[in-house]
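Assemble the whole structure, with the sequences as input and the hints as a guide.
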Amino acid sequence: MAHIPDGVLSAPVFVVGGLAAVAALTFSLRALDDRQIPRVAILSASFFAISLFSIPIGPTSIHLLLGGLMGLILGPAIFPAIFAALLLQAMMFGFGGLTTLGINTINIAVPGALLGLAFRPAVARASVARAAILATICSALCVVATGLLVALSLAFSSPDYAASAKAMIATYVPLMVIEGLITGSCISFLKKVKPELLSPHAAGE
Amino acid sequence: MKTRAMTAALLVLCVCMTQPALAHRLRLYAHVEDGAVVGFAFFVGGGRARDAEISFRDASGRNLHVGRTDHEGAFAFTPPQPQDVVIIVNSGDGHAAETSLPLERFTARATPEAAHEAGPVAQAEAGAPSQTGAVSTLRPADLALIERKVEAAVARQIAPLLEAYALAEGRVRFNDLMGGIGMIVGLAGAALWASRRRRDRAQS
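These protein sequences, in sequence, are chains V and C. Under the numbering used here, the first residue of the first sequence is numbered 1, with each subsequent residue one higher. Under the numbering used here, the first residue of the second sequence is numbered 1001, with each subsequent residue one higher.
In case anyone wonders, no lab produced these hints; they're calculated from the structure. Any given hint might turn out to be false.
Unchecked claim - The following residues of chain C were derived to be distant from chain V, with all beta-carbon distances above 10 Å:
hint, residue
1, R1048
2, V1066
3, T1078
4, Q1081
5, S1100
6, K1149
7, E1151
8, A1164
9, D1176
10, A1191
11, D1200
Stated by the list, open to error - Partial list, computed: chain V residues near chain C (C-beta under 7 Å):
hint, residue
12, A41
13, S46
14, I50
15, V193
Beta carbons: idealized from backbone N, C-alpha and C, even for Gly.
Dropping the structure here:
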């Protein structure tokens, strides 16, 4: 659903998406700390594997996006994680496409990066239960934001998609709930077992 | 700089070595059954595309018919005459898939021309003295009928095979999955190695 294939979007949309992705990746890789690399790889591998499996709903199917979870743990380092996983999915399975790689990266990673940054201080300070609730909200918002960005990408490419894009938003509602619950339980687990993971500036320093 | 160039070269090599996207998330399976295009739309990773828009076009891209898949993701359409048919399914949210059935696949539907072509052969056989009675009584119309029946029977027999093949091709394989994860671990290792080298060089 967030993997837009080749040939669907118009050229201006995927070119702009590609340029934005290059800029975000450059910025993100410059700021990347060595000690974050294994973390980025683990979450990238999780996203790569989990988002391959989809549940059919109506004319479409949904799969987990993990934007919220990755944003909370990685912050801006979410970009290389999503990019590497999407590149491999496109090359190995034809999920998404190579021309749309940039825009797909942006659609999934931007909400994660921004909302992750916004929620991270609060999650780091909060108790386990509160952190789980905050993480649930954060990831549900990420799903909505990704859905809106995908809908916008489609609507900008062709007005024909505008109507169906609205219908698509409805399929994001169950995903919001599922993803929220999963992220909430992951974060509450991490908060108990390895709380320093959620405050990256303190990690290992 | 050298490592960066090497990484870039490796990436380019990786991209060149892979085929252009083999599959999309949404895929289509179709075969010809008694002159009709029958099939279903499915998602790689599980499930059928229900109530998705499906269009049938001829070779020149003209729409022959536009419909929707049923609750099993299935569709059926009989083209006005045997011809190349391109089938396109679009779930409306950026998932689309396309497949085509060439004219040859439609031969099961015997046309008047086919019966006509078979005519002279049947007559020649009927005229030969060594032929058995059974063959000599065959009229062109019967021959065409037999041909049609055989084609239909073969199509019915191989349909499950084609279907299983399409599903197998559009499956997420465990090996591929592990390969991808291995690749990510490798990339992380390469990144760590590169950053270590940079730090060592800065120190020396």
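Each hint tested on the structure:
1. R1048: violated (6 Å)
2. V1066: holds (13 Å)
3. T1078: Nearest chain V Cβ is 23 Å from T1078(C), so the label holds.
4. Q1081: holds (29 Å)
5. S1100: The assertion about S1100(C) holds, with a minimum of 15 Å to chain V.
6. K1149: holds (37 Å)
7. E1151: Fine: 33 Å to the nearest Cβ keeps E1151(C) off the interface.
8. A1164: holds (19 Å)
9. D1176: violated (5 Å)
10. A1191: violated (5 Å)
11. D1200: holds (12 Å)
12. A41: The hint holds - A41(V) has a Cβ within 7 Å of chain C, the shortest such distance being about 3 Å.
13. S46: Violated: closest Cβ of chain C sits about 9 Å from S46(V), beyond 7 Å.
14. I50: violated (10 Å)
15. V193: violated (22 Å)
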